[in-house]
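Keeping their order, the protein sequence lines are chains C and L. Positions 1 to 503 (full-length UniProt numbering) are the ones given, in order, by the first sequence. Positions 1 to 351 (full-length UniProt numbering) are the ones given, in order, by the second sequence.
If you are wondering where the hints come from, they were derived from the structure by calculation, not from laboratory data. Each residue gets a CB set at the ideal place from its N, CA and C atoms; glycine is no exception. Hints are supplied without guarantee of correctness; some may be wrong.
As the list claims (entries may be wrong) - Sample of chain L residues lacking proximity to chain C, with all beta carbon distances greater than 12 angstroms (derived):
(1) Gly46
(2) Leu130
(3) Gly164
(4) Val199
(5) Ala213
(6) Thr215
(7) Gly218
(8) Phe219
(9) Gly225
(10) Ala230
(11) Gly234
Claimed, not checked - Here are the computed distance ranges between Cβ atoms for each label pair:
(12) Val207/L to Thr362/C: 23 to 31 angstroms
(13) Val335/L to Ser230/C: 28 to 36 angstroms
(14) Gln87/C to Pro206/L: 39 to 47 angstroms
(15) His88/C to Thr134/L: 45 to 53 angstroms
Stated by the list, open to error - Chain C is faced by these chain L residues, among others (derived, beta-carbon under 7 angstroms):
(16) Thr216
(17) Glu226
(18) Gly235
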Amino acid sequence: MPAPLIEMRGISKSFGAVVANEAVDLSVAPGEILGLLGENGAGKTTLMNVLFGAYAPDAGEILVQGRPVTINSSADALAAGIGMVHQHFHLAPRLSVLENLLIGIPGKSGRIDRAGGLARLREIGRQHGLTLDPDLPVSALSIGEQQRLEIVKALFRGARLLILDEPTAVLAPTEVDGLFSALRSMAAQGLGIIFISHKLNEVRALTHRCVVLRHGRVTGRVDTPASTTSSDMARLMCGHEIVPPARGPSTPGAPVLILDGISTSRHSGMALRDVSLSVRAGEILGIAGVSGNGQRALAEVISGVLAPDAGRMTIAGKMVSRFSPRGVQALGLGRIPEDRMTTGVVTNLPLADSMVLPRIGTAAFSRNGLLRPDAIRAFAEAQIKAYDIRCPGPMTRAGALSGGNLQKALLARELAFDPKVLIVSQPTRGLDIGAARFIHEKFLDMRARGCGIIVIGEDLEELLMLCDRIAVMYEGRIVGTLDSAAATVARLGLMMTGAEGHG
Amino acid sequence: MFRLEARTSTPAWFNLALPLLAIGATLVLCSGLIALAGAGVIEAYGVMFAASLGDSYAITETLVRATPMIFTGLAVAVAFRAKFWNIGAEGQLLAGAVASCAVGAIAMPGPLAMLLMALAGAAAGAAVALLPATLRVKFKVDDVVSSLLLNSVIFYALMALIEGPWKDSFSGYPISPPIEDSANFPVLLEGTRLHLGVVAAFVAAPVIWFLIARTTLGFRIRVIGENPEAARYGGIHVERVLISTALLSGALAGLAGVGEVGGVHFQVMSDISPGYGYSGIVVAMLARLNPLGVVPAALFLAAVMTGAEAMSRATGVPAFLSEVIQGTALLAMLVALLFTAYRIRRVGAAP
Ligand SMILES: Nc1ncnc2c1ncn2[C@@H]1O[C@H](COP(=O)(O)OP(=O)(O)OP(=O)(O)O)[C@@H](O)[C@H]1O
Ligand SMILES: [Mg+2]
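Model the full structure from these sequences, guided by the hints.
Following this line, the structure appears as structure tokens:
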């Protein structure tokens with residue numbers, strides 16, 4: 001085995017009382033793809049931030065090609081040949097692809113070396129299949145392309161080790177394939193790669209070796225991921241087995257949500273074109289599709305944020321006459337947003353505030369315009385307990401919670417009011433398998449209690465496991481609906497490309 | 001080498017310590033200027049202290065001066081909570097002063113006059129604040145710029161009024177006719193200028209605190225300021241709340257003008273406000289946008305203002321020092337605020 005490219009020895013890092021990393025050892029050899037696994041909050045991101053210079057470790061040392069180094073900033077990390085693609089990209093949206101690449105690169109005698117940059121961009125693109133139009137502004141790129149740009153940026157700056165923090169959480173399945181072939185090609189050229197993901201099948205397909213973190217410590221090392229079963233890995237991560245919940249048969253009742261010929265215009269994403277669908281009580285309907293095919297508009301219409309130009313919507317037998325979040329909520333709609341941080345919670349205010357936000361005007365939390373602080377607090381405390389939301393208390397800043405715990409909080413706030421219809425987007429994005437399992441169980445519980453649920457998602461396996469029926473969206477239309485008994489990943493995948501008319 | 005590192009939590013005592021630290025730093029920094037002006041630092045600050053807090057009369061003067069800044073400080077704090085960047089408290093104050101002066105000049109029973117003056121002043125301030133808020137909601141016009149520019153518009157409108165129709169035809173001075181004697185706010189302490197408006201300001205602060213902390217409107221103000229998208233999805237009419245905030249903020253600033261007319265000057269002239277609207281921004285920042293903190297912050301600035309005048313008379317240091325202290329205090333507080341979110345960490349050069 002070649003000498004390690006980088007080595008972390010005995011790294012510890014605490015935030016106040018929270019121990020995020022404790023005596024972690026980790027190394028990556030040239031040409032190696034290392035998987036970093038662990039539950040939400042296990043300390044993966046923290047460890048990588050230490051390596052990338054965002055946090056100073058409390059103890060431990062970092063060696064690059066056998067030499068100890070101190071990394072105090074991302075500039076130090078880049079100088080040491082370490083590049084990182086964060087979950088939230090750091091790009092300047094108005095600048096072009098090439099300009100983003102050249103930011104902070106000293107050119108020749110104070111001038112920006114555009115021609116040189118362009119040549120390097122072409123070369124990197126050719127080598128690894130990471131092609132990008134150099135003149136497009138970043139704001140015009142898809143999420144997948146922005147990620148590609150981040151990778152190219154790291155290579156451009158001479159990274160020998162590339163860290164990717166949950167890169168696939170934001171990608172469509174087809175984009176994942178492209179990313180993987182690029183990563184394999186980089187590894188073949190001797191780069192080291194650290195890959196973080198909660199999706200065990202991806203980890204098994206891509207990585208050469210895995211390190212498993214649990215409560216900040218290394219609890220397992222897997223040398224042959226491809227031949228280790230997912231359930232073995234899950235046991236290393238969570239300490240116990242995770243069995244997917246079984247979806248029993250259900251007896252759907254009357255329709256609780258009906259969309260009839262809904263069309264929208266003027267939408268930043270894809271508009272809806274003549275969408276009709278219905279969800280019955282006690283039924284889970286999946287909406288599959290490559291993101292950007294109208295899912296966002298669909299979720300916004302159902303949530304009452306976007307009023308359609310044509311068509312009708314009925315919730316629990318009542319027609320929606322005025323589209324507003326409060327209006328549809330009063331009819332019995334609950335909503336779990338795709339983007340927890342931006343449209344779900346208020347990160348800088350106490351968690352309790354986010355938990356009562358949609359219903360602050362109701363008698364449960366206020367009377368005659370006066371808040372009922374005790375009721376608000378009691379509600380938040382009860383939900384924190386019922387859903388085992390890990391946080392110091394209801395007055396904690398919402399932004400301090402981990403993704404899985406935030407998702408539980410959002411779930412709790414909706415389910416507490418027994419919605420008749422629940423609309424959910426990407427319910428387990430970024431969640432570990434234990435948290436995902438918990439969320440799935442809750443959906444199945446709600447289904448058994450007669451709630452109609454719409455799940456918008458890209459993870460077909462998740463949809464197949466959860467849903468009774470799956471509708472496929474393509475270019476703003478529903479191109480077909482399958483009973484999940486008759487649906488397969490392959491068939492859905494084909495419909496998602498618009499290839500097949502009706503299922 | 002030092003670097004900033006994000007804090008995981010902010011200790012509670014910071015809320016008290018930071019403003020005090022900022023004030024301390026300000027006084028130290030400004031002592032250099034005093035020395036430069038050729039006066040003894042200890043002596044100068046001593047005179048400042050004596051003139052602003054040294055005896056009961058000085059204290060009442062400081063209270064009187066703090067009153068408009070409590071109102072403008074509250075106005076700014078409320079607006080900034082909702083991220084409505086109201087830099088226009090100065091203009092709203094002037095509008096409130098003009099409106100209350102117009103009402104106060106009408107003969108009617110005293111209590112009724114005072115009530116109507118307050119209503120008219122608040123309404124005028126609110127109307128002025130409504131403009132930048134509407135421009136922002138309807139046309140996405142930057143509220144910092146529009147509210148700031150409006151200050152000049154209102155000021156020159158006031159000048160046109162006192163140079164024109166309101167001009168004292170007798171003396172020829174550009175001052176408005178006085179309000180009726182019966183409309184003068186009652187003085188609470190014989191021989192001082194401590195008027196009813198001072199009490200009103202001290203009552204307003206806890207009322208506004210209650211409004212922000214304990215009412216649904218306050219909840220909505222806080223939420224739209226922190227995350228308008230989540231607010232919108234949560235069923236809050238962001239635009240409507242923003243307009244309500246602007247009206248409330250403008251009304252508070254208008255009341256600052258009412259107090260100056262009814263309790264201090266009894267008429268309107270060009271220099272009725274020595275920048276109380278702008279001082280309100282400093283007050284609100286020092287108070288960390290907490291309505292209860294506005295009171296001590298306004299008292300501090302008022303003490304600086306009254307003290308600086310006395311110091312200037314006694315030591316010859318220009319009274320402009322008061323403005324320098326205000327500006328420095330604002331900067332010091334902004335720096336101090338950085339430390340609520342970050343801490344300085346020493347990082348070694350070698351491993
Ligand atoms: N800046 C911070 N301040 C306080 N606590 C933090 C901070 N960053 C991380 N933590 C805490 O440290 C622990 C590890 O967090 P980290 O983000 O590294 O987990 P993770 O393994 O990346 O989880 P996920 O899979 O959810 O991304 C968690 O308990 C988290 O709450
Ligand atoms: Mg993470």
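Comparing the hints with the structure gives:
Annotated as non-interface, Gly46/L keeps its C-beta farther than 12 angstroms from every C-beta of chain C; the closest such distance is 43 angstroms. The Cβ of Leu130/L lies farther than 12 angstroms from every Cβ of chain C, with a closest approach of about 21 angstroms, so its non-interface assignment holds. The beta carbon of Gly164/L is kept farther than 12 angstroms from every beta carbon of chain C, the shortest such distance being approximately 44 angstroms. Every Cβ of chain C is farther than 12 angstroms from the Cβ of Val199/L; the closest lies at roughly 25 angstroms, confirming the non-interface assignment.
Chain C draws Ala213/L into its interface by the beta-carbon criterion, the shortest separation being 8 angstroms against a cut-off of 12 angstroms. Against the 12 angstroms criterion, Thr215/L falls within the reach of chain C, whose nearest CB is about 5 angstroms from its own CB. Distance check for Gly218/L against chain C: the nearest CB is about 8 angstroms away, which does not clear 12 angstroms, and the non-interface claim fails. Under the 12 angstroms C-beta cut-off, the non-interface status given to Phe219/L relative to chain C is violated; the minimum distance is some 5 angstroms.
Under the 12 angstroms C-beta cut-off, the non-interface status given to Gly225/L relative to chain C is violated; the minimum distance is some 9 angstroms. With a least beta-carbon separation of about 5 angstroms from chain C, Ala230/L fails to lie farther than 12 angstroms from that chain, contradicting its non-interface assignment. Distance to chain C contradicts Gly234/L as a non-interface residue, since its nearest Cβ pair spans about 4 angstroms, not more than 12 angstroms. Take Val207/L and Thr362/C: their Cβ atoms lie about 25 angstroms apart, and the range 23 to 31 angstroms holds.
In this structure the hint that Val335/L and Ser230/C lie 28 to 36 angstroms apart at CB is violated, the actual value being about 52 angstroms. At about 44 angstroms, the beta-carbon gap between Gln87/C and Pro206/L stays in the expected band of 39 to 47 angstroms. In this structure, His88/C and Thr134/L break the distance hint of 45 to 53 angstroms, their C-beta atoms being roughly 34 angstroms apart. Of the supplied interface hints, the one on Thr216/L holds, with its beta-carbon coming within about 5 angstroms of a beta-carbon of chain C, less than 7 angstroms.
Taking 7 angstroms as the C-beta cut-off, the interface hint given for Glu226/L holds, the closest approach to chain C being about 5 angstroms. Checking Gly235/L against chain C: minimum C-beta separation of about 4 angstroms stays under 7 angstroms; hint holds.
When the structure is compared with the earlier hints, violations turn up for hints 5, 6, 7, 8, 9, 10, 11, 13 and 15 and for no others.
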